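On the provided structure of chain A, position chain B as indicated by the hints.
There are 2 protein chains.
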Amino acid sequence: MSFYFEIAKTQGKARAGVFHTPHGDIPTPVFAPVGTQATVKTIPPRDLHAIGATLVLANTYHLHLRPGDELVRDMGGLHSFMAWDGPILTDSGGFQVFSLAEINRIDDDGVTFRSHLDGSKRRLTPERSVAIQENLGADVIMCFDQCSNPTDRDTLVTAVRRTSAWAARCREAHPDDTRQALFGIVQGGIFEDLRAESAAFLRELDFPGYAVGGLAVGETKAEMYQTLDFTTPMLPDGKPRYLMGVGDPDDLVQAVLRGVDIFDCVTPTRLARHGAALTKDGRINMRGLTYATDRRPVDPGCTCYCCQTFTRAYLRHLVKAGEILGAYLLSIHNVHFLLDHMQAIRTAILEDRLPEYAGQFLHRYLHTG
Amino acid sequence: MSFYFEIAKTQGKARAGVFHTPHGDIPTPVFAPVGTQATVKTIPPRDLHAIGATLVLANTYHLHLRPGDELVRDMGGLHSFMAWDGPILTDSGGFQVFSLAEINRIDDDGVTFRSHLDGSKRRLTPERSVAIQENLGADVIMCFDQCSNPTDRDTLVTAVRRTSAWAARCREAHPDDTRQALFGIVQGGIFEDLRAESAAFLRELDFPGYAVGGLAVGETKAEMYQTLDFTTPMLPDGKPRYLMGVGDPDDLVQAVLRGVDIFDCVTPTRLARHGAALTKDGRINMRGLTYATDRRPVDPGCTCYCCQTFTRAYLRHLVKAGEILGAYLLSIHNVHFLLDHMQAIRTAILEDRLPEYAGQFLHRYLHTG
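So the sequence lines, in the order shown, correspond to chains A and B.
Residue 1235, in the numbering used here, is where the first sequence stops; the numbers in between run on with no holes.
Residue 1235, in the numbering used here, is where the second sequence stops; the numbers in between run on with no holes.
Just chain A, with the same shape it has in the complex (with noise of 0.2 Å):
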């Protein structure tokens, strides 16, 4: 079998595993920098596997526009046009339907909507973005679902039904998982008996794993987490479970306990771009006068390249002028940081001391106590 997770110890609810796949092995828990275009902002492949990335998200929606998937498909597939050889995950396009576009229709056959690059008309539907992420060749592809507000139960009443149909036709268009494996994405925001209906439904259809979706799109963090603690035990134990677009420090951790082992987030690199830090006492703008003349690294005790070259004085320095090396060299140091945590968490979980690690990084990071 090309794609085979497996799991290596439990500890409550949170798994420490090893997910195959055709291109390398992904421990998880695990965290996926975002590479919306191809391209994890700022950071070549080269310095991804430097800071221990195993797993790369794109989105189909943005290649799917610009450069075109059938590009893509032409230069040999995401692997080799953006020359990163490890795994790699496409989201369906849905959320990007849904949050950039300018949208025309939404039917139980699909969205029609224009593009927010050039304006051109187009269409998706579970086929076409099945058809289109087949064209990208990522290791793991997802079904065409409809992310709509978390807490606004009309919608979401019609929103898991349409899931669950399109769900069933990515399946019907997706068949075999060898080459590529679609995960099933469960909606139904913060209500229960809607996550219980998607859940079940997506189950029958025996994905090679599930993605809980429509979650940090607005609602609280009490909410969200409220919303795994049901979710995932409706979630088959033996596949791996992918909470999507979540990266905060404090959230991957609270996810984990709460039986997550794959994420996502564009925050690392977009922090990094707006001059900002994470760092084990929280998150830090570095753009602050207190750091002019700060001879320390950005993260005291990181073994980054940022880290272990530079000083904050500097990092500030690049920020305030609106270097592009800041933003390269705070991206590396916070994707880093999110990829030493779930390592850390990692070994915590095969330590059998989970809660120990999630309140000592909780109490330090969110100053609490």
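Each hint should be verified, as a subset may be incorrect.
What the hints assert, rightly or not - 25 Å max Cα-Cα, derived DSS-like pairs, lysine-lysine:
1) LYS1186(B) x LYS987(A)
2) LYS1146(B) x LYS1186(A)
3) LYS1186(A) x LYS1146(A)
Stated by the list, open to error - Short, incomplete list of chain A residues facing chain B, as computed with Cβ under 10 Å:
4) THR902
5) MET941
6) TYR1091
7) ALA1187
Treat the hints as calculated values from the structure; they're not laboratory data.
Just so you know, these numbers come straight off a predicted model, no measurement behind them.
Backbone N, C-alpha and C define an ideal beta-carbon position, used for all residues, glycine too.
Showing chain B alone in chain A's frame:
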């Protein structure tokens, strides 16, 4: 002696040598990439080493204004601040004062101007320029000079006399070249008698190196080459000769043929940020539709990370999508291209075949023939 220039081989006027500095040996002729704000734009020092950079230039005017030369001094000087342990050269600030700032007054004592950043009123004199450069701590520092239109004889007469007087004051302010070598700058535009007057005066001050200033600022290439033809023989044989602000691949070889040893220019990194790449067949604009599915590297045969890893199709996508990674990869490539070119020039001198190399390079680069 901490600074020593050794000529290993000459061919005609061209020289292959080594310029010894406290931060390392610089094989010459050499091209110095420009790190205006204490960073060669987009390129971390690790990569500068990897692509073979030996000497890096930083701009006194910019660093004086931000983050401030005293802050840089307090952080251990430029080498420590920007984490570049190789040789560094700073310019005098003169060129930027005359090109970027809003000038209030030029007089025989110095220049009063307003910062282009915050409009604050500042004054630069020969003594201040030296003091700022001493704070920055580069290996090679430059005399404060007046740069003028190279074909406007009337202005140049005054500029040459002022540059001479200012050079004497810089020499007096910095009499000891042990830790930092102070270079003189010959002015005089395209006029042989003015260059002769300037060079004769500066030779009396016995600088450890001499720059040819005021070129590549509006005159034709033919005028620049003619000016070099008569100016380099006015400079002492045993000292390094530095042609400021020149970095076109054809100009580099033409100037080495005329006896120049050191160059700097923002061109390779600036072109990169605009999506242009240097190749042995000339400059190309990566946006071109012709590259959309081009599987070749940016410059076939090139050994840099960009060319060894990525296709033109991918670079075109990055540039079109406005991705920072595109600017970084093209910067790496363009700087490597010039460093590689200079190394080939040096080898050609050592092997007594510079004219042949120059002919072949120019024929292909300029598509002549």
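Structure-based check of all given hints:
For a cut-off of 25 Å, the pair hint linking LYS1186(B) to LYS987(A) stands: about 21 Å separates their Cα positions. Simply put, LYS1146(B) and LYS1186(A) have alpha-carbon atoms about 37 Å apart, too far for the 25 Å limit, and the pair is violated. Between LYS1186(A) and LYS1146(A), the direct Cα distance comes to roughly 23 Å. Compliance with the 25 Å bound is thereby established for this hinted pair. The criterion of a C-beta within 10 Å of any C-beta in chain B is met by THR902(A), whose closest approach is roughly 9 Å, and the hint holds.
Hint status for MET941(A) relative to chain B: holds, with the closest Cβ pair at about 6 Å, below 10 Å. Hint status for TYR1091(A) relative to chain B: violated, with the closest Cβ pair at about 34 Å, above 10 Å. Evaluation of the ALA1187(A) hint against chain B yields a held restraint, the C-beta minimum of about 5 Å falling below 10 Å.
Checked against the numbered hints listed earlier, the structure breaks hints 2, 6; every other hint is satisfied.
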